[in-house]
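J.: One point on numbering: in this note's numbering, the residue at position 254 of the sequence shown is 247, and numbering is uninterrupted.
No lab work stands behind these hints, which were simulated from the structure alone. Glycine included, each C-beta is placed from N, C-alpha and C at the ideal position. Don't take every hint at face value.
[Stated by the list, open to error] Mimicking DSS-like on lysine-lysine, the simulated pairs with C-alpha atoms at most 30 Å apart in a straight line are:
id, residue 1, residue 2
1, Lys109, Lys254
2, Lys197, Lys109
3, Lys249, Lys122
[Said to hold, decoys possible] Listed next, with one range per pair, are the computed distances between beta-carbon atoms:
id, residue 1, residue 2, range
4, Ala121, Glu93, 18 to 24 Å
5, Leu104, Lys230, 38 to 44 Å
6, Lys83, Asp180, 35 to 41 Å
7, Ser164, Asp137, 33 to 39 Å
8, Ser136, Leu170, 36 to 42 Å
9, Lys151, Ala251, 33 to 39 Å
10, Leu170, Glu146, 18 to 24 Å
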Amino acid sequence: MPPKRKQTGSSQAMATRSAKKAKTSAKAAPSNVTIAETATTTPPTTTVGEPTAAEPKPTAEPATEPKAKESSPQFTGKFDLYSTLLPFLKSEYLPQGATEPQFETLYKKILFYQAKPDFSMRINIDEAKTGRFTCPVICNPMSDEELEPIYIENGQTKQVAFSEMEAAHESTIGTGLGYTAKLMLGDSDGCGCGMVSGGKGTFKMRKVWEGEDEGKGELFEGYWTFKATYGPTLRRKGFGSGNSSSGVFWAVRARKNADGKEIGIDVEV
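Can you build the whole structure from these sequences, using the hints too?
T.: See the structure below:
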């Protein structure tokens, strides 16, 4: 069970999708990196031979439509996330003159930066569909210290809708099988001294591409929001009652070490 969280109050939303200035290469838009469905199946036509005059007419069995081989998305494990605002990834995702996203090209480019290693955010979702989320953009405005731990709660795999604001391209707007959850800021030293009294948000993700051969990789796309509520100290310093942030991202599964274990953050701090 994750540690007891603080209850959060209402916060003043000041929506922004731009990333805060990066302190390290792990920021939501690392400056040192050159980083960016509906399938229809037509049932086969079944030809039934015509009976002869001497033969009784057989009763036709209903045709059975073969099921297409599909890979059900698995939204568990560790993932590295990359902001869609990164120009060097955007250029791979939608090159000049292209009208549709180039998912495979983007996936390969992300793997290049992942190997450095470099990423914008990280997430770990366990078998219970709960977990933890890290994002350097979500921070104490006075110290720039990242707010953590941010826990994932009430995770579900279901049909998830993505609006124009939440999708990286118009072709990915719509509803499909995905993962959705709540984000909740847990107790930490960074929330003391009247700095931050709480925080909460939302997280959702769906698979947008998979390699043709098994084990050839998966590319995910998602959207997150978070509202931090400031305590009396930050309010007296002129930072207001809180701050809201959000962003669209691409995600790939975490790298594995020599023992085959995923590299990334743990669910428990």
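J.: Going through the earlier hints one by one, which of them does the structure break, listed in rising order?
T.: The structure breaks only hint 4.
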